[in-house]
Amino acid sequence: MQANTTNGRRDNTHVPLGVFLIAIGLAALWVARDYDTGTFTSMGPGFFPKGISGCMILMGILVILFRGKDLPEAEEDGRDSATAIARLRVIGLVTASILVFAATLSPLGLPVATFFMVTIAGFSHRGSQPLAILATAIALAAFATALFAWLLGLQIPVLPEVLR
Amino acid sequence: MIGGVDVFGGIALGLSVALTPTNMFFCLAGCLIGTLVGVLPGLGPTATIAILLPLTFGLPPETGLITLAGIYYGAQYGGSTTSILLRLPGEASSVVTALDGHAMTRNGRGGAALTVAAVASFFAGTVATFFMAAFAPILSAAVLKFGAPEYFMLMFLGLITSVVLAQGSVLRAIAMIFLGLLFGLAGTDINSGQYRYDFGFMELLNGVPFVPLVVGLFGVADILVTLENAVRDEKPPTLNPISSLWPTREETKRATPATVRGTLIGLFLGLLPGGGALLSSFMAYTAEKRVSKTPQKFGTGMVEGVAAPEAANNSGAQTAFLPLLTLGIPSNAIMALMVGAMMVHGIVPGPRIMTSQPELFWGLIASMWVGNLMLLVINLPLVGIWVQLLKIRYQFLFPTILTVSIVGIYGVEFTTFDVYLTAIFGVLGYFLHKWRCEPAPLILAFVLGPMMEEYFRRSMLVARGDPMIFVNHPISLAMLVATVLLLLSICFPFIQKFRQKAFAE
Amino acid sequence: MTFNPTRRGFLSAASLLSATALFGLPAFAEEFPTKKIDYIVPYNAGGMSDNISRLLGEKLTALTGQQVINDYKPGAGGAIGANYFMTTPADGYTLLQSTNSFYDIIPLVTKVQYKPLEDLVPLVLVGDAPMVIAVNPAVAANTLGELIAYAKANPGALAYGTSGKGTVGHLSGVWLSNKGGIKLLHIPYNGAPAALQAVLANEAQIFIGPEAAEHIASGTLKGIAVLGDSRWQQLPDLPTTAEAGITGWAPRSWHTVSIQAKAPEEVKTRLNTLINSILEQPDVRQRVTSFGLIPGIETLDQVRQRAKDDNEQFGILIRDAGLALAK
Chain Z
1 MQANTTNGRR
11 DNTHVPLGVF
21 LIAIGLAALW
31 VARDYDTGTF
41 TSMGPGFFPK
51 GISGCMILMG
61 ILVILFRGKD
71 LPEAEEDGRD
81 SATAIARLRV
91 IGLVTASILV
101 FAATLSPLGL
111 PVATFFMVTI
121 AGFSHRGSQP
131 LAILATAIAL
141 AAFATALFAW
151 LLGLQIPVLP
161 EVLR
Chain E
1 MIGGVDVFGG
11 IALGLSVALT
21 PTNMFFCLAG
31 CLIGTLVGVL
41 PGLGPTATIA
51 ILLPLTFGLP
61 PETGLITLAG
71 IYYGAQYGGS
81 TTSILLRLPG
91 EASSVVTALD
101 GHAMTRNGRG
111 GAALTVAAVA
121 SFFAGTVATF
131 FMAAFAPILS
141 AAVLKFGAPE
151 YFMLMFLGLI
161 TSVVLAQGSV
171 LRAIAMIFLG
181 LLFGLAGTDI
191 NSGQYRYDFG
201 FMELLNGVPF
211 VPLVVGLFGV
221 ADILVTLENA
231 VRDEKPPTLN
241 PISSLWPTRE
251 ETKRATPATV
261 RGTLIGLFLG
271 LLPGGGALLS
281 SFMAYTAEKR
291 VSKTPQKFGT
301 GMVEGVAAPE
311 AANNSGAQTA
321 FLPLLTLGIP
331 SNAIMALMVG
341 AMMVHGIVPG
351 PRIMTSQPEL
361 FWGLIASMWV
371 GNLMLLVINL
381 PLVGIWVQLL
391 KIRYQFLFPT
401 ILTVSIVGIY
411 GVEFTTFDVY
421 LTAIFGVLGY
431 FLHKWRCEPA
441 PLILAFVLGP
451 MMEEYFRRSM
461 LVARGDPMIF
471 VNHPISLAML
481 VATVLLLLSI
491 CFPFIQKFRQ
501 KAFAE
Chain Y
1 MTFNPTRRGF
11 LSAASLLSAT
21 ALFGLPAFAE
31 EFPTKKIDYI
41 VPYNAGGMSD
51 NISRLLGEKL
61 TALTGQQVIN
71 DYKPGAGGAI
81 GANYFMTTPA
91 DGYTLLQSTN
101 SFYDIIPLVT
111 KVQYKPLEDL
121 VPLVLVGDAP
131 MVIAVNPAVA
141 ANTLGELIAY
151 AKANPGALAY
161 GTSGKGTVGH
171 LSGVWLSNKG
181 GIKLLHIPYN
191 GAPAALQAVL
201 ANEAQIFIGP
211 EAAEHIASGT
221 LKGIAVLGDS
231 RWQQLPDLPT
241 TAEAGITGWA
251 PRSWHTVSIQ
261 AKAPEEVKTR
271 LNTLINSILE
281 QPDVRQRVTS
291 FGLIPGIETL
301 DQVRQRAKDD
311 NEQFGILIRD
321 AGLALAK
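Residue numbers (the numbering used here), protein chains in the order written: chain Z, 1 to 164; chain E, 1 to 505; chain Y, 1 to 327.
Keep in mind that the hints were calculated from the coordinates and are not lab data. A couple of the hints might just be wrong.
Said to hold, decoys possible - Per the computed footprint, the stretches of chain E lying under chain Y, defined by three or more beta-carbons under 8 Å from a beta-carbon of chain Y, are: (1) 191 to 198; (2) 321 to 330; (3) 466 to 472.
As the list claims (entries may be wrong) - Dumping the calculated DSS-like pairs for lysine-lysine here, alpha-carbon to alpha-carbon at most 30 Å: (4) Z:50 with Y:165; (5) Y:35 with Y:165; (6) Y:179 with E:145; (7) Y:262 with Y:36; (8) E:391 with E:235; (9) Y:222 with Y:183; (10) Y:262 with Y:111; (11) Y:152 with Y:165; (12) Y:111 with E:145; (13) Y:179 with Y:308; (14) Y:111 with Y:152; (15) Y:308 with Y:262; (16) Y:59 with Y:268; (17) Z:69 with E:293; (18) Z:69 with E:297; (19) E:145 with Y:222; (20) Y:35 with Y:262; (21) Z:69 with E:434; (22) Y:35 with Y:59; (23) Y:59 with Y:308; (24) E:434 with E:297; (25) Y:111 with Z:50; (26) Y:152 with Y:183; (27) Y:36 with Y:59; (28) E:293 with E:497; (29) E:434 with Z:50; (30) Z:69 with E:497; (31) Y:183 with E:145; (32) Y:268 with Y:35.
As the list claims (entries may be wrong) - Among chain Y residues calculated to face chain E with C-beta under 8 Å, some are: (33) 45; (34) 51; (35) 152; (36) 166; (37) 182; (38) 185; (39) 260.
We put the CB at the ideal spot given by N, CA and C, even for glycine.
Could you build all of it, start to finish, from the sequences and the hints given here?
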């Protein structure tokens, strides 16, 4: 019996997925260990969590065991992923941009935080010129402030903390 | 007279209230704001209505409520836009539309999808308005027949059929359902008060917030995948050019019965407090997939998959007002805000509103139809504009999406905790995509799961521990039978294949 | 030098004193507030607390010329907003819209960053929300006595629906069970509207809380009694629990505005005076009544005593019901 193949390459996604599911299931079970379980007709707060965690572990095992045969025939997009470094760059920069926004929103105000977010995220796009990124960042910072803080009147800090 | 209510007199009174220049102006304003807010991922009608509530205090009560209602169902129209074009649901109700809606966009039929969504919504809104006007007292009696066992069965049925949402591996879809159930468990357990999976964060005591989850799993993850593909393919990401704005004859032929079915489903499910827009739209989608001759094509751009959920969420949005107007019970957070708006004017919502405040009751219902008409007129030309916006180069488009989503998310609860969550879910969504898993079943289980548990435990309380309550209540029994039949019909093909294989060996 | 008040000196001192008395408090407190006030509302917009805060805010602005901005911080039944409030400066420019729950229930069932009455104190009494006992019309009891008798004859048959575990409604049910010597089944729901719907459908039979008022008036629910010792104007035919023989403290729910204990005393007194003067205005009284509350005016000491009494009594109920913080 052949493992699932696409374009002659093996689809190994079942491994990381299975491990992930088992890990989450185990973690969830551990966190819920002290919740009162109760009985089926008199469920405590722990019944469902423990049951679901158990099922997740089972799912993880099944996914690994099926070795990708559960997937339908190869879809059009059978190409490899990009290189690990490129993926890390994309994920890392976009995620970082959101985290930076959250961290700088209160201390630095909405326009500055937005500017940082768009700039950092901009560099994750392959082939963007730095000047274009900065211009976009400025434009979006202004737009976001105009839309959310002025037009919609949300109580979002606009000025940096020091100026308030 | 239907059920003792003079319907035509009521409609006449309602129209006379709704068609005054002031009320029409404010209805339009509400619809416009609602559309805008619906389009913005993150910020939703709830937050917007909360902000604009004080502005309505100076207005007469009917005008105030008409405006707020306009924002609410206007958001249903707007929510489908980003859902279809960008696969970023603006509202809970448009999560299901994103499936086939965005697929249609990828096929170049995005304009048609938007048009179908608008027309289906209008049809549904019209039917719903009439329904409410004619059957208000009967419908409210029906609402009271739904107790904990009935709700549980409904949610359970929904959850089982959510396997239907699976486009790829059914096994992985089920895994996603369990993951969604797990996320849904976080928060304060209603029946015992126990904090579950809160990790010490007070922000999680009300559960994982919905918007960061959806925007993270759909929107941010999408951005991550698209950017990665751009690197891998060494060319900028582009979308198929939109061919035309109007649906073809064939598409219209298929969309029409789907719209009717979706409307009916939304009509009833929207009535149930807590039933919600997601349940209506999802059940409508499921029904379409079941009655379709080509169910396997769902998810690749079937117009029925857009028409039915959009009709359902719009008719559901209208009928959601009914428990408030007839029983004084708000069905969701937005209705609760309406209660606040009424109480400021000294109007106490309750069973007597129809007789003690007829202008308010009928005026509001009539204005819903007027509002739907306005929304159709507003949204159709907008289709052309949205489609133009899609042509912006991705390097400018994705930061815009990112900005509007993230700032919008902050604007809901004004806590950066939600923003951090969005980033986490974005990364999770990316990996789930890489691992060939679908986010839609996760979202569904996330919404339905905790409710299912709550209703089951409450059913046991009410039944004093007797599980036969699900069989003793007729509506619950009917749904139990339906669930079993459905399960059998899903498993039957697998059993067939298994037996064939067994015989072949 | 001996102390020798000249007549002139005495006169000028007297006139200064009387001038101060005429113009009220000393100059520096008169200036409060001199900038905008942040009004923390620990719930979502649209609820009772929101309506009250908007009303008071509007009138405060009219009275003092300073802006009052509503800041919503919902979650955890009010605990999130309260915890956030405790991090704001204790200068009177941040206020917390609150109920007595913040003093008697929330700190005992949730982790909060303040000790009630030591770190957080109430400023005024805005109004009492009458706790009404309502039952589904199908229940074979028309008075409290009959209800208790029915419950004694059928232990565990009657259930009461509440807006959640540990709410005033829940504790009222516990109180009723204790006082009546009966067993009632508690069914928690997700908020008052859901609980009301359940009682309307007879899934639960009893509802205790102010939200039932409109249903009693329209006849969809039967009114049995109102908790406490005074009848409610809006439902004058409802007997009180005291009339039915249950005297003494009864659970109650009232709205207030709170401030950090560390805030200057003059600011607290000033706010109490200001808000009481607002509450005395006839149109404000009328609006508060239309919200379903019973307006009342109390001094700082009176309202503090109120909170203290509730803290004690609710504490007993909470321990009885086994709800004390164990999460």
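Results of checking the hints against the structure:
1. Only residues whose beta carbon comes within less than 8 Å of a beta carbon in chain Y count, and the stretch 191 to 198 of chain E has 5; three or more means the coverage holds.
2. For the stretch 321 to 330 of chain E, the assignment as covered by chain Y holds, since 5 residues bring a beta-carbon within under 8 Å of that chain's beta-carbons and 3 suffice.
3. With 0 residues having a Cβ less than 8 Å from any Cβ of chain Y, the stretch 466 to 472 of chain E misses the three-residue criterion, and the hint is violated.
4. Simply put, residue 50 of chain Z and residue 165 of chain Y have alpha-carbon atoms about 22 Å apart, close enough for the 30 Å limit, and the pair holds.
5. Between residue 35 of chain Y and residue 165 of chain Y the CA atoms are separated by roughly 40 Å; this puts the pair beyond 30 Å, and the hint is violated.
6. With a CA separation close to 33 Å, the supplied pair residue 179 of chain Y and residue 145 of chain E exceeds the 30 Å bound.
7. Straight-line distance between C-alpha atoms of residue 262 of chain Y and residue 36 of chain Y comes to about 20 Å, which keeps the hinted pair within the 30 Å bound.
8. Simply put, residue 391 of chain E and residue 235 of chain E have alpha-carbon atoms about 16 Å apart, close enough for the 30 Å limit, and the pair holds.
9. Of the supplied pair hints, the one linking residue 222 of chain Y and residue 183 of chain Y holds, its CA atoms being roughly 21 Å apart against a limit of 30 Å.
10. Taken as a hint, the residue 262 of chain Y and residue 111 of chain Y pair is honoured in the structure, with Cα atoms around 21 Å apart against an allowance of 30 Å.
11. Distance hint between residue 152 of chain Y and residue 165 of chain Y is fulfilled; the C-alpha atoms sit about 24 Å from each other, no more than 30 Å.
12. With a CA separation close to 39 Å, the supplied pair residue 111 of chain Y and residue 145 of chain E exceeds the 30 Å bound.
13. A C-alpha spacing of about 21 Å is found between residue 179 of chain Y and residue 308 of chain Y, which places the hinted pair at or below 30 Å, so the restraint holds.
14. This hinted pair does not check out: residue 111 of chain Y and residue 152 of chain Y have alpha carbons roughly 37 Å apart, beyond 30 Å.
15. Taking the CA atoms of residue 308 of chain Y and residue 262 of chain Y, the gap is near 18 Å; set against the 30 Å cutoff, the hint holds.
16. The straight-line distance between the Cα atoms of residue 59 of chain Y and residue 268 of chain Y is roughly 18 Å, inside the 30 Å bound, and the hint therefore holds.
17. With a C-alpha separation of about 26 Å, the suggested pairing of residue 69 of chain Z with residue 293 of chain E holds against the 30 Å cut-off.
18. Restraint check for residue 69 of chain Z and residue 297 of chain E: satisfied, since their Cα atoms lie roughly 21 Å apart, inside the 30 Å limit.
19. With a C-alpha separation of about 19 Å, the suggested pair residue 145 of chain E and residue 222 of chain Y falls inside the 30 Å cut-off, and the hint holds.
20. Pair hint residue 35 of chain Y plus residue 262 of chain Y holds up; C-alpha atoms about 19 Å apart against a cutoff of 30 Å.
21. Distance check on the hinted pair: residue 69 of chain Z and residue 434 of chain E sit about 16 Å apart at the alpha-carbon level, within 30 Å; holds.
22. As the CA atoms of residue 35 of chain Y and residue 59 of chain Y are separated by approximately 15 Å, the hinted pair is consistent with the 30 Å bound.
23. Annotation: proposed proximity of residue 59 of chain Y to residue 308 of chain Y holds, straight-line Cα distance about 29 Å (limit 30 Å).
24. Pair hint residue 434 of chain E plus residue 297 of chain E holds up; C-alpha atoms about 22 Å apart against a cutoff of 30 Å.
25. A hinted pair counts as satisfied when its Cα atoms are at most 30 Å apart, and residue 111 of chain Y with residue 50 of chain Z qualifies at roughly 25 Å.
26. Among the hinted pairs, residue 152 of chain Y with residue 183 of chain Y is consistent with the structure: their alpha-carbon atoms are about 7 Å apart, no more than 30 Å.
27. With a CA separation close to 14 Å, the supplied pair residue 36 of chain Y and residue 59 of chain Y stays within the 30 Å bound.
28. Restraint check for residue 293 of chain E and residue 497 of chain E: the C-alpha separation of about 20 Å stays at or below 30 Å, so the hint holds.
29. For the hint linking residue 434 of chain E to residue 50 of chain Z, the alpha-carbon distance of about 28 Å falls within 30 Å, and the restraint holds.
30. Distance restraint check for residue 69 of chain Z and residue 497 of chain E: the Cα-Cα separation of roughly 15 Å lies within the 30 Å cut-off, and the hinted pair is therefore satisfied.
31. Of the pairs offered as hints, the one joining residue 183 of chain Y and residue 145 of chain E holds, with about 27 Å between alpha carbons and a cut-off of 30 Å not exceeded.
32. Between the alpha carbons of residue 268 of chain Y and residue 35 of chain Y the distance comes to roughly 16 Å, so the proposed pair stays at or under 30 Å and holds.
33. Hint status for residue 45 of chain Y relative to chain E: holds, with the closest Cβ pair at about 3 Å, below 8 Å.
34. Because the closest C-beta pair between residue 51 of chain Y and chain E is about 6 Å apart, less than 8 Å, the hint holds.
35. The criterion of a C-beta within 8 Å of any C-beta in chain E is not met by residue 152 of chain Y, whose closest approach is roughly 18 Å, and the hint is violated.
36. The criterion of a C-beta within 8 Å of any C-beta in chain E is met by residue 166 of chain Y, whose closest approach is roughly 6 Å, and the hint holds.
37. The beta carbon of residue 182 of chain Y comes no nearer than 16 Å to any beta carbon in chain E, farther than 8 Å, and the hint placing it at the interface is violated.
38. Below 8 Å, beta-carbon pairs count as interface contacts, and residue 185 of chain Y has one with chain E at about 7 Å; its hint therefore holds.
39. A distance limit of 8 Å between C-beta atoms decides the matter here; for residue 260 of chain Y the minimum to chain E is near 19 Å, and the interface restraint is violated.
Going down the numbered hints, you'll see the structure goes against 3, 5, 6, 12, 14, 35, 37 and 39, while the others check out.
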